[in-house]
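Chemist: The numbering used here numbers the first residue of the sequence shown as 1 and each following residue consecutively.
Take these hints with a grain of salt, some might be off.
What the hints assert, rightly or not - SDA-like mimics (lysine to any residue), calculated; alpha carbons at most 20 Å apart, straight line:
1) K39 <-> M57
2) K39 <-> G65
3) K39 <-> R59
4) K50 <-> R62
5) K44 <-> S56
6) K39 <-> G55
7) K44 <-> N60
8) K39 <-> D58
9) K44 <-> G65
10) K44 <-> R62
11) K39 <-> S56
12) K44 <-> R59
13) K39 <-> R62
14) K39 <-> V52
15) K39 <-> C64
16) K39 <-> N60
17) K44 <-> C64
18) K44 <-> G55
19) K39 <-> L61
20) K44 <-> I63
21) K44 <-> M57
22) K39 <-> V54
23) K50 <-> C64
24) K44 <-> L61
25) K50 <-> I63
26) K50 <-> A40
27) K39 <-> I63
28) K50 <-> L61
29) K39 <-> A53
30) K44 <-> D58
31) K44 <-> V54
32) K50 <-> G65
Simulated from the structure, these hints should not be mistaken for laboratory data.
Only a predicted model underlies this, so the values are computations on that prediction, with no experimental measurement involved.
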Amino acid sequence: DRTNDNTYAFQRFRVFQTASVKAEWNPVKTLPVLSGTGKATCVKFGPDPKYVAVGSMDRNLRICGLPSDDSTEDSAQDS
Numbered sequence: 001d002r003t004n005d006n007t008y009a010f011q012r013f014r015v016f017q018t019a020s021v022k023a024e025w026n027p028v029k030t031l032p033v034l035s036g037t038g039k040a041t042c043v044k045f046g047p048d049p050k051y052v053a054v055g056s057m058d059r060n061l062r063i064c065g066l067p068s069d070d071s072t073e074d075s076a077q078d079s
């Protein structure tokens with residue numbers, strides 16, 4: 001059963017999910033913008049994909065929880 005075989009990637013603090021690497025990328029969540037931070041240099045998901053650690057050029061490590069389904073912004077508003 002490959003129903004949980006998902007791939008995630010980041011682009012400008014948006015999380016994308018696809019069922020396979022060859023599928024089309026679709027935004028599923030928008031992460032909050034972290035003001036005053038340097039460029040992100042590394043990203044790591046926690047044991048479950050509800051949390052993500054982001055390291056940045058300002059030498060900080062931030063642990064972010066993904067927004068709930070209720071607070072997901074429409075990707076059209078981000079353009």
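Chemist: Does each hint hold? Answer for all of them.
Modeler: Hint check:
Note on K39 and M57: the hinted pairing holds, with a Cα-Cα distance of about 5 Å set against a maximum of 20 Å. Taken as a hint, the K39 and G65 pair is honoured in the structure, with Cα atoms around 19 Å apart against an allowance of 20 Å. Proposed proximity of K39 and R59 is supported: the alpha carbons are some 10 Å apart, at most 20 Å. For the proposed pair K50 and R62, the alpha carbon gap of about 14 Å is at most 20 Å, so the pair holds.
Distance hint between K44 and S56 is fulfilled; the C-alpha atoms sit about 12 Å from each other, no more than 20 Å. Restraint check for K39 and G55: the C-alpha separation of about 9 Å stays at or below 20 Å, so the hint holds. With a C-alpha separation of about 14 Å, the suggested pair K44 and N60 falls inside the 20 Å cut-off, and the hint holds. For the hint pairing K39 with D58, the CA-to-CA distance comes to about 8 Å; that is within 20 Å, so the pair holds.
For the given pair, K44 sits about 12 Å from G65 by alpha-carbon distance, which is consistent with the 20 Å threshold. Note on K44 and R62: the hinted pairing holds, with a Cα-Cα distance of about 11 Å set against a maximum of 20 Å. For the hint linking K39 to S56, the alpha-carbon distance of about 5 Å falls within 20 Å, and the restraint holds. Between K44 and R59, the direct Cα distance comes to roughly 16 Å. Compliance with the 20 Å bound is thereby established for this hinted pair.
Restraint check: the Cα-Cα separation between K39 and R62 comes to about 12 Å, which is no more than 20 Å; the hinted pair holds. Annotation: proposed proximity of K39 to V52 holds, straight-line Cα distance about 16 Å (limit 20 Å). Distance restraint check for K39 and C64: the Cα-Cα separation of roughly 16 Å lies within the 20 Å cut-off, and the hinted pair is therefore satisfied. For the suggested pair K39 and N60, the alpha carbons sit about 11 Å apart, so the restraint of at most 20 Å is met.
A threshold of 20 Å between alpha carbons decides the hint, and for K44 with C64 the separation of about 10 Å falls inside it, so the pair holds. Straight-line distance between C-alpha atoms of K44 and G55 comes to about 9 Å, which keeps the hinted pair within the 20 Å bound. Note on K39 and L61: the hinted pairing holds, with a Cα-Cα distance of about 12 Å set against a maximum of 20 Å. Between the alpha carbons of K44 and I63 the distance comes to roughly 9 Å, so the proposed pair stays at or under 20 Å and holds.
A C-alpha spacing of about 15 Å is found between K44 and M57, which places the hinted pair at or below 20 Å, so the restraint holds. With a C-alpha separation of about 10 Å, the suggested pairing of K39 with V54 holds against the 20 Å cut-off. Among the hinted pairs, K50 with C64 is consistent with the structure: their alpha-carbon atoms are about 8 Å apart, no more than 20 Å. Distance hint between K44 and L61 is fulfilled; the C-alpha atoms sit about 11 Å from each other, no more than 20 Å.
Note on K50 and I63: the hinted pairing holds, with a Cα-Cα distance of about 10 Å set against a maximum of 20 Å. For the hint pairing K50 with A40, the CA-to-CA distance comes to about 19 Å; that is within 20 Å, so the pair holds. A threshold of 20 Å between alpha carbons decides the hint, and for K39 with I63 the separation of about 15 Å falls inside it, so the pair holds. The straight-line distance between the Cα atoms of K50 and L61 is roughly 17 Å, inside the 20 Å bound, and the hint therefore holds.
The suggested pairing of K39 with A53 holds, with an alpha-carbon distance near 14 Å, which does not exceed 20 Å. Proposed proximity of K44 and D58 is supported: the alpha carbons are some 17 Å apart, at most 20 Å. Between K44 and V54, the direct Cα distance comes to roughly 7 Å. Compliance with the 20 Å bound is thereby established for this hinted pair. At roughly 6 Å between alpha-carbon atoms, K50 and G65 fall within 20 Å of each other, so this suggested pair holds.
Checked against the numbered hints listed earlier, the structure breaks none of them; every hint is satisfied.
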